[in-house]
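Chains L and G, in that order, are what the protein sequence lines are. This note's numbering numbers the first residue of the first sequence as 1 and each following residue consecutively. This note's numbering numbers the first residue of the second sequence as 1001 and each following residue consecutively.
Among the clues, some could well be false.
Claimed, not checked - Listed next, the stretches of chain L that the computed footprint assigns to chain G, with coverage defined by at least 3 CB atoms under 8 Å from CB atoms of chain G:
1. 25-38
2. 73-81
3. 86-92
4. 121-127
5. 131-142
As the list claims (entries may be wrong) - Interface residues of chain L toward chain G, partial, derived using beta-carbon atoms under 10 Å:
6. Lys-4
7. Gly-51
8. Lys-68
9. His-98
Please keep in mind that the hints were generated in silico from the structure rather than gathered at the bench. No residue lacks a Cβ here, since even glycine has one placed at the ideal position from N, Cα and C.
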Amino acid sequence: MKVKLLTTVLVLCFFLSVPAVASAHGAKISCETKKAIEITATYDSGEPLSGGQVTIYAPDDPSTPWRKAKCDENGKYIFIPDPSKPGTWDIQVRQAGHGDMIHIPVGEDMTVGASGSTGYTPLQIILMGACVVWGFIGTALFFSVRRGR
Amino acid sequence: MHIPDGILPASVCLGGYVTAGAATWYSLRKIGRKEDPREGVPKASLLTAAFFVASWIHIPVPPASVHLVLNGLLGVVLGYYAFPAVLIGLFFQAVMFQHGGLSTLGVNATIMGIPALLAYYLFQLRNVVSKNNRVATTVFGFLAGAGGMGIGVFAAMVLLVTTVPAHVDAAAERASIYALTFAHIPLMVLEGVFTALVVLFLQRVKPDMLGENDKTSA
């Protein structure tokens, strides 16, 4: 009886001492730092193009989309350009017939140059608008005076 | 409603310039036949300024924001001067603020300028009833203001829906175009009411601005 019990305990100990191999269910996360480009698409009024369709064209083939995606609810989209394709990346965002295209120069060392967007401050916009409106008023006054003579 | 660069195919942009060129030629020909073609320039210039500024007045209607256009009002008050006024206003909007685009200037002028001329013809129908009838002026002023914008929005919708490029999710794009088109309905009513108020005011204080005394040379 004692021998039987000892044998059972030994067998049990043997199985428990074998290390469980769990490689089939394992997971591994690695990380590395990369330079990404974040774009923000908004309407003229400042509202985001939430869900706007993003089309990215790589420098080596500006006619075939390199990637197609959608902006998030804040009109933002992040992508990592292919390091093997330095040059000007064209990104178009479109929604309901509205949209714009931005041209981003990316160097071989992944440095991002200044994009072609023209962002005016509100003061500049007001000043420019006032100049144009004054031009129209001046035209009206000019022709009014000629008529009066 | 201002279609920017890069949205429409080149053939459509070119077609837009052809129709805009034809409409400009027709309008200038009609203006040239007036007894004094310069007579309408001051009011055309002032209303071009109003058209230029109107696009800054945004009204938030999801999924985008819509803005005043005033093409119906321009048509009613300016008549044949409306198309050149729209064209010049759009040019400055595109050049100064990238609102619209230079490649789509012809298309935008067509979808906003030709409805302005149609609004003018529609408003002239009030003469069938009576020139000085306030009710007729109000009704036709509203119809011209709302119709001018409505026709323009419809034309833009048809253009955009039929030219969705292959690389874009067509169903999503069309759904958002339809949504944006419907978002213009309150604005149509607003522009109709605004146009009706303006023409009523002009009829009371300066009826000759509504083309009451239009003369054409033989």
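Verification of the hints:
Interface restraint, the segment 25-38 of chain L with chain G: violated (0 residues with C-beta to C-beta distance below 8 Å; minimum three). Check result for the segment 73-81 of chain L against chain G: violated, 0 residues qualifying (beta carbon to beta carbon below 8 Å, three or more required). For the segment 86-92 of chain L, the proposed coverage by chain G is not satisfied: 1 residues have a C-beta within less than 8 Å of a C-beta in that chain, short of the threshold of three. Coverage of the segment 121-127 of chain L by chain G is violated [criterion: at least 3 residues with CB-CB distance below 8 Å; count 1].
Coverage of the segment 131-142 of chain L by chain G holds [criterion: at least 3 residues with CB-CB distance below 8 Å; count 7]. A least Cβ separation of about 72 Å between L/Lys-4 and chain G goes past the 10 Å threshold, and the interface hint is therefore violated. Proximity of L/Gly-51 to chain G holds as hinted, the smallest CB-CB distance being about 8 Å (cut-off 10 Å). Restraint check, L/Lys-68 versus chain G: the minimum CB separation of about 6 Å is within 10 Å; hint holds.
This hint holds: L/His-98 has a C-beta 6 Å from the nearest C-beta of chain G, less than the 10 Å allowed.
Hints 1, 2, 3, 4, 6 from the earlier list are contradicted by this structure; the remaining hints agree with it.
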